[in-house]
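Each protein sequence line maps, in turn, to chains A and B.
Position 335 of the first sequence, counted from 1, bears residue number 513 in the working numbering, the numbering being contiguous throughout.
Position 346 of the second sequence, counted from 1, bears residue number 524 in the working numbering, the numbering being contiguous throughout.
In short, the hints are calculated from the structure, not lab data.
Nothing here was measured: the structure is a model prediction, and the numbers come from that model.
Each hint should be verified, as a subset may be incorrect.
No copy is singled out in the list; a pair is fine if it fits within one copy or between any two copies.
Stated by the list, open to error - Straight-line distance between alpha carbons at most 20 Å, and here's what the computed EDC-like set of lysine to aspartate or glutamate pairs gives:
| hint | residue 1 | residue 2 |
| --- | --- | --- |
| 1 | Lys-449 | Asp-357 |
| 2 | Lys-449 | Asp-477 |
| 3 | Lys-459 | Asp-225 |
| 4 | Lys-459 | Asp-212 |
| 5 | Lys-459 | Asp-469 |
One letter stands for each residue in the lines below.
Number of protein chains: 2
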Amino acid sequence: MRILLVGAGGVGAAFCSIAVRRDFFDTVVVADYDQNRARRAAEAVADPRFVATRLDASSADAVAEAVRAHRITHVLNAVDPRFVMPIFTGALDGGADYLDMAMSLSSPHPDRPYELPGVKLGDEQFALADRWRQAGRLALVGIGVEPGLSDVFARYAADHLFSEIDELGTRDGSNLTVDGYEFAPSFSIWTTIEECLNPPVIWEADRGWYTTEPFSEPEVFDFPEGIGPVECVNVEHEEVLLMPRWVECKRVTFKYGLGEEFIGVLKTLHKLGLDRTEKVKVGPVEVSPRDVVAACLPDPAGLGPRMRGKTCAGLWVTGTGRDGNPRSTYLYHVVDNEWSMAEYGHQCVVWQTAINPVVALELLARGS
Amino acid sequence: MRILLVGAGGVGAAFCSIAVRRDFFDTVVVADYDQNRARRAAEAVADPRFVATRLDASSADAVAEAVRAHRITHVLNAVDPRFVMPIFTGALDGGADYLDMAMSLSSPHPDRPYELPGVKLGDEQFALADRWRQAGRLALVGIGVEPGLSDVFARYAADHLFSEIDELGTRDGSNLTVDGYEFAPSFSIWTTIEECLNPPVIWEADRGWYTTEPFSEPEVFDFPEGIGPVECVNVEHEEVLLMPRWVECKRVTFKYGLGEEFIGVLKTLHKLGLDRTEKVKVGPVEVSPRDVVAACLPDPAGLGPRMRGKTCAGLWVTGTGRDGNPRSTYLYHVVDNEWSMAEYGHQCVVWQTAINPVVALELLARGS
């Protein structure tokens, strides 16, 4: 197995640190727009199987060319979801299998954004499913932690725990804090704004996919292993687009444990138009307000040593158990930041994302 | 009387519309960094006494030169408080009297910003008081509505209503809304951030000036004429630096009726560092985050026709009345936006500010 890792940011670098301990692959070509960043991630694991290269992920041709040049068998996309489509099509054109951890972006319904979906997450990718089938290639989309591990939980619940499922409800929360900062998100604010301010999507068996206003259906979910109760709200997330295609159930939701403070911040950014990506004129220059917000906050990639607490990804399943009785089970995965920093040198949120494609690639390599 | 009006923004243009109805002056030279803006304000009043010119208010020499060139007797400063000092010293150097509506800016105490004042509002101006005295010239600082009318209320209360004053508490509030906008401040957001996030200053007879955390001592004040209760908090404002110099009392405060929503917005901007004026790097450009916030919001100068409601400036005085009994009186001035737009074509907040220097200049012209 010869892997092209596209993106040497937080998740990409964590992938290298986890994969280096395994023997299922021959090479990982670590590619980034910033060649130094690629080199740092490759050198950090000090293993000759890892080599660095520069790659412009916005060019499908450049991705296909890299696949051919390095005789790549599997492309792992670990960059910002804005670049899903060129990497996805570049992998196919180059002749490699493909994995990612976030799907192609949505756009809201032009007239009724808070009732109906427009272009849904992943729609652009699913539209090309036949081309992948014809080429006899695998595209394993959404195989991080959420989406990814959460979808595996859904399959497991349907196959082993439930006879009938009412709701597959992904619930994500943490009690992370960052020393020395009053406010410091542990994940890309750009992506968090995208996820949280897009109309949340819900699926119901008798209604299909529909959308709501942002931050709808607030609920306090009590997370395990000492994290405790966190306010969760509906957000747009891939699981809702993936699970109902393969798992029988009545309803699929995704709620993110943003907490009251973070919800307030996001609402304010939206109210002031600071979530916008279109550039505004500021004196002699033009900038995207959302990029300014990101520039004002500390880079989450560097926050690991100052973070404390645990992050939890999981799926809350309700329905009827195998014994015919009502059942409610939360299947989850918790990572303590102190542990992931000490053991791998990566903060818990990116570590928890990156472990899943390592497992998936190893299962593929072993033909399991 | 020959007036140099520096600044043809909202307040400057409203000054022209109010002054044009009076006959106490010979000329108003309307000066702005943007010559077209100066011309528009001068032409709007269609009176040959008003002429337009271009002026860089950041240059004291340019201000002095304009004073001499137009044989100016009185300079009225109607620009952003960042430019107070060059206009103030330029007027003196050129040989004119001077009026403004906001004083030179403060800087926080380097070590204990929320306990002690550093450089206070107006300190730089008061430091030059002797030079004005020696030149035999008048500098009438802070003669808008707040500071200005509020200070006149304090004098009136001391001279006519009270035998002993406990507190001189300026209270400013409104019920203004802007049609079509979820959030649209009716006054410069740049200045509002400056006022509200600087440490609020309070004066007490036995303690002198001291500062607190922003948004301290929240209080719901019930404003008159249908405005109703609004949440008010301490902010830094000139009255607290002016009143105790000339009016005997025990305590001086300024509370601004920001309302809960606006307080939340300002706290969030501060938490995210978006209130900062120092530039940050955003990709290839550098911008001040506070300028980006201002650029994302509608220009308050153009909101008049969409605004509804009333604004209230006033002074809440408590103490002992002339009859020896406890007394509590709110002296106030309310402007209805519908009226100011219909009568003058200017929104109520800038109209209420601009009327005061017109009155002051007329009193000076008549030698009252």
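Verification of the hints:
With identical chains, the CA atoms of Lys-449 and Asp-357 are at most 20 Å apart between copies only, with a shortest distance of 14 Å across copies and 28 Å within one. Only between protomers do Lys-449 and Asp-477 lie at most 20 Å apart by alpha-carbon distance; the minimum there is 15 Å, versus 24 Å within a single protomer. For a Cα distance limit of 20 Å, the shortest separation of Lys-459 from Asp-225 qualifies neither inside one copy, at 47 Å, nor across copies, at 35 Å. Taking identical chains as interchangeable, the C-alpha atoms of Lys-459 and Asp-212 lie at most 20 Å apart only when they sit on different chains, with a minimum of 17 Å there against 28 Å within one chain.
Proximity of Lys-459 and Asp-469 under a CA criterion of 20 Å is satisfied in both settings, with 13 Å inside one chain copy and 10 Å between copies.
Checked against the numbered hints listed earlier, the structure breaks hint 3 alone; every other hint is satisfied.
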